[in-house]
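Position chain E against the provided structure of chain G, taking the given hints into account.
Okay, here's what each chain looks like letter by letter:
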Amino acid sequence: MDSALKLFYHRKLYDADNTHPLFLKAILENVRHHQAHCPEYAAILEQQGFSPENVRTVEDIYKIPPIPTLFLKNHTLYSTGKKLMFASTTSGTSGKVSRMGLDWSSSWRGLGMILGTFFTHKLVSLRPTNYIILGYEPARRNQIGAAKTAYATTYAAPALHREYALKDTGEEYRLNLDGLKHALIRYEKSGHPVRFMGFPAYFMFLLKELKEAGIRLNLHPKSLVMLAGGWKQFFSEQVDKKTLYALSQEILGIGGDRIREFFGAVEHPVAYFDCPNHHFHVPVYSRVIIRDTDFQPVPYGTPGILNLLTPMLTAMPFTSVMTDDLAILHPGEECGCGIKTPYFEVLGRVGLADIKTCAAGAAELLGALKEDAK
Amino acid sequence: MNLVDGKILDTKDCDSVLESLDERILETLAKPPLTPKVVINACDKLVNTLDKSLYSSALAQAGIPEELADSYLAMARGMFSGEALRFRLKKEFGQDYDKVLKYTPVGGENEVTERILPLGVLLHIAAGNADGLPAFSVLEGLLTGNINILKLPAAEGGISIRLLYELIQIEPLLSEYIYVFDYSSQDIVHINKLIDAADAVVVWGGTGSVSAFRGMLPPHIKLIEWGHKVSFAYVTKDGREDGKLAGIAKNMAHTSQLLCSSCQGIFLDTDDTREIDDFCRRFLPILEEAVAASAKPTDIGIKAQTALRVYSSELEKIYTGDRLFKGNGCSLRACNNQIPEAAIGFANAWIKPLPCRQILKALRPYKNYLQTIALLCGEHEKDSLIADLLKTGAVRVCPGGRMSETYSGAPHDGEYPLRRYTKIASWE
Chain G
1 MDSALKLFYH
11 RKLYDADNTH
21 PLFLKAILEN
31 VRHHQAHCPE
41 YAAILEQQGF
51 SPENVRTVED
61 IYKIPPIPTL
71 FLKNHTLYST
81 GKKLMFASTT
91 SGTSGKVSRM
101 GLDWSSSWRG
111 LGMILGTFFT
121 HKLVSLRPTN
131 YIILGYEPAR
141 RNQIGAAKTA
151 YATTYAAPAL
161 HREYALKDTG
171 EEYRLNLDGL
181 KHALIRYEKS
191 GHPVRFMGFP
201 AYFMFLLKEL
211 KEAGIRLNLH
221 PKSLVMLAGG
231 WKQFFSEQVD
241 KKTLYALSQE
251 ILGIGGDRIR
261 EFFGAVEHPV
271 AYFDCPNHHF
281 HVPVYSRVII
291 RDTDFQPVPY
301 GTPGILNLLT
311 PMLTAMPFTS
321 VMTDDLAILH
331 PGEECGCGIK
341 TPYFEVLGRV
351 GLADIKTCAA
361 GAAELLGALK
371 EDAK
Chain E
1 MNLVDGKILD
11 TKDCDSVLES
21 LDERILETLA
31 KPPLTPKVVI
41 NACDKLVNTL
51 DKSLYSSALA
61 QAGIPEELAD
71 SYLAMARGMF
81 SGEALRFRLK
91 KEFGQDYDKV
101 LKYTPVGGEN
111 EVTERILPLG
121 VLLHIAAGNA
131 DGLPAFSVLE
141 GLLTGNINIL
151 KLPAAEGGIS
161 IRLLYELIQI
171 EPLLSEYIYV
181 FDYSSQDIVH
191 INKLIDAADA
201 VVVWGGTGSV
211 SAFRGMLPPH
221 IKLIEWGHKV
231 SFAYVTKDGR
241 EDGKLAGIAK
251 NMAHTSQLLC
261 SSCQGIFLDT
271 DDTREIDDFC
281 RRFLPILEEA
291 VAASAKPTDI
301 GIKAQTALRV
311 YSSELEKIYT
321 GDRLFKGNGC
331 SLRACNNQIP
341 EAAIGFANAW
351 IKPLPCRQIL
361 KALRPYKNYL
371 QTIALLCGEH
381 EKDSLIADLL
391 KTGAVRVCPG
401 GRMSETYSGA
411 PHDGEYPLRR
421 YTKIASWE
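Residue numbers (the numbering used here), protein chains in the order written: chain G, 1 to 374; chain E, 1 to 428.
Only chain E is shown next, with the shape it has when bound in the complex:
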């Protein structure tokens, strides 16, 4: 599905839109700029009138269990309410973000004027691992006054288009600021046309798609990357409380370990392999319980793939000496290495030894891949561990159960996203 001028279009009708894209953009740019107020009011109205059943069923079709869908919707409501968005703009840009700043520079004679302005046109290349995320990326672009072209991921189930379509129904002014196309990533000719129209390309996705776009973009077009990241837990002796461990287990089971912020595995503060095995025996029933309480994947393709991966990793034992602890609908692999790798997923996690004095040395090589670390430890060691963990390149430390929850105004991958979609212009 494609969305242009607030209308759903067939792909064959998009060619003529592409032909006239530059003119359309020029026309929009010639008009008075889009103000955050218009966008905030529309978003606020959207999240307050959101038809829950409609989205729940759309999310269910995309394989998202109802409970998780509800929490997504609640999170979306929280993040895109008027109050949250106003707070976020102030937090990211400062109190006077919508005003011009006039001052005489130090050592200068003439007054200068500065103002935060949109980049112009953003092309969003969205990833398919988080439903609705493509629309959120566009909302951030709108909030900063940009014209947004969204290339849908292959796996998008129509939720993003629906959200954006409804937003335009609420505020028709936004129609010319939103273009959605579902060209395939392999459709180089059309993608290049979209790139030509953009001031910046926002890429969500794995190393593969990020490097593909690095190769495709002409040097003068800004690339804003939100690459795939790895998150995990770090647990010391004093942090091993069942209640806290249940938070980690719940994150693994609920998110199926698919998100950048999902817990892939647990590093234990030890170098004793017996302790690792003992921990697996203790954690496995906790994970089983969390798995039993969440919806399981029903798609045979996913189940088969996961089963084959678990079985393959079991056979790997002949090389690695890893131990596999199989539970009901989940498994733990006790490993000897210290690599913060992506897990098999769907509650099949790794447990690895990492004495606290080795944290920096072991994790530093992965600095650009690390995102969230759940820290379970005693109060006395918390501050020094947080300091060490953040030196590895990770950007967030939190309790296990909070890993994939965000808060209003939170930075993303260590940055304020809205700032990346704007420029500071000056004139005198």
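Only chain G is shown next, with the shape it has when bound in the complex:
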């Protein structure tokens, strides 16, 4: 078993202290693998004067040249000539998309991660469950990562039925508000738990629509809401957590303790789920470095550019990815939930506010579709 596979099947999700040596070994193996198989990556390492020998301890991993997502939106880097299992892209609201592909070895690691994450966070259930997916219905022509993530999460509990907010008509996506309303009324009667997946703005929108239509439900107590978080401040309609929780309790009977957030990026497919205090702690599979504008690491509590590292991928050299998010890293003890690893708080995208993210783009689409539906 290679080091990365060992890491991804490590049974304790937040046991960073005991996995530093394993992580170091895995990340260096990953760097060497990409250096050997991706000529562009090798050229970048050389240009930046980096050699794997520069990294002696886990504290040195900041020296691995990070690849900015900005660069990946213009260039696709592969470390394999082999056929990929599946490919995913960002939703590309700014006109450019990043591509991410998984081969078999990365997929096995991903599976270990999903199992570890879902079991630790008690997201796996054997109860038959109905799903409301607040996003795109998957389609052959649709490579948007968000659609795939949403679909994949429906395997965490056996799916009875899935209803999509954006339904594929074969040619375009239609806002399926009536479908959602009818499905929810049916779901309540059926007495099975319901799981909601999607962006917070979508969920808020749905709650308001239900309220306007005078619909009040009391869904199964094991129902769960899973929201893609981290981008809150760029929604056209700001989602305030407390208002959202209160409205969810009022309309659906699902309170804040059953609403969970996760964070992920196409270029860094590690799943971060929030702890009971709604913080994203760093699991054993990855490390998070916050950098200043000279790209030097900054201490806890200082805002900077979010750099994510994982040895997960073998098909693409995304070992160290520099996102265009600003974030702060906090020591684990500050949270109080008991998890020891640090947690990060995403502040928003770099640059001026007019730079759009998937989520903000989605909020925009929603607004436009709502007008069309009138």
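Cross-link-like lysine-lysine pairs, in silico, DSSO-like; alpha carbons within 30 Å at most:
#1 K63/G <-> K303/E
#2 K211/G <-> K193/E
#3 K12/E <-> K208/G
#4 K211/G <-> K12/E
#5 K73/G <-> K317/E
#6 K25/G <-> K63/G
#7 K12/E <-> K242/G
#8 K193/E <-> K208/G
#9 K73/G <-> K296/E
#10 K12/E <-> K181/G
Hints listed in this document are in silico derivations from the structure and should not be mistaken for laboratory results.
Computed from a predicted model, the values in this text were never measured in an experiment.
Just chain E now, with coordinates in the frame of chain G:
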């Protein structure tokens, strides 16, 4: 913030204004027309009583350093003084712009009458890259007698509303000629209502917003576009004097390369890459000096974005062979291509080879995007270079330090703006 009838309104109160917008406009149109004199007097009074500290602090909040804010205010004073506006009207429309013209046409028998009239109602869709510009667009609409509806850009820091509010305080007659709304560009329903009320839509902004409005407008509504443009410098061997180069550097540092007229990069009259690299080494300290003398961006978001872009372009080297010369707070990218592209900004510019005989061929494909070119050359080659550069589609040639400065009565993007906001009506 919204401004209607000279009063600041909450967005929720604007719905009733929109409902009655057509009636309000009809009422205003039924009154005697707004004369340039009223507008000129109000503008003159406004710029002469402008509370400098108030605007400096508002501009500072919007991230504009004090020195630049002062020069903006001085420029505004110069451009909107009574004298400047009277000069401008005469220059754009001719001496008798406010009089009716009566004549018997060649070959005709009856006398005809012609007169320059406002279009009626202008909807201004303003861009967020130049503070206060939304208000200037409205002032031009007022000067030509139009009723003006301004949709504020998302990034507007309140300067435009303040200017227009004060203008109405000075001249209450103008209150019914000025509407300001801050609906989001995504708010299609409200924007469509504003479009319905307009004779013409004036769009300031990038290709994205211009094409969005091209798609949204019914064919009978006139679209007046002021699209984003690219400006750069052209430097020959004889033009490479440090003093002149400092003018270019100052423009890059002062405007952060954000304006249409900001210098994005420099084309050198050469095809030798070594000469390009040598020039980068010479120009970098000049640029560093200009950067050190201007206020730097303090916002971490902007700084991070710029740093990521510079780093990305450094990595691009593996494909392009470009060379990056990093300075203190600035950088130069020595490129091999001849594309007049937008730079990373904030004094991170490009340097590219362009032998003078290739100017037309290389730049012509970008004809609709080119605006100002700073020309640094010897006297003996100046005239022929100006002629060539203007054939590319560019509309202005000037020294480096003057690129983002304008003068009273200057055309904008090659046109007289006031003419675009009027029509020539005839009757007999």
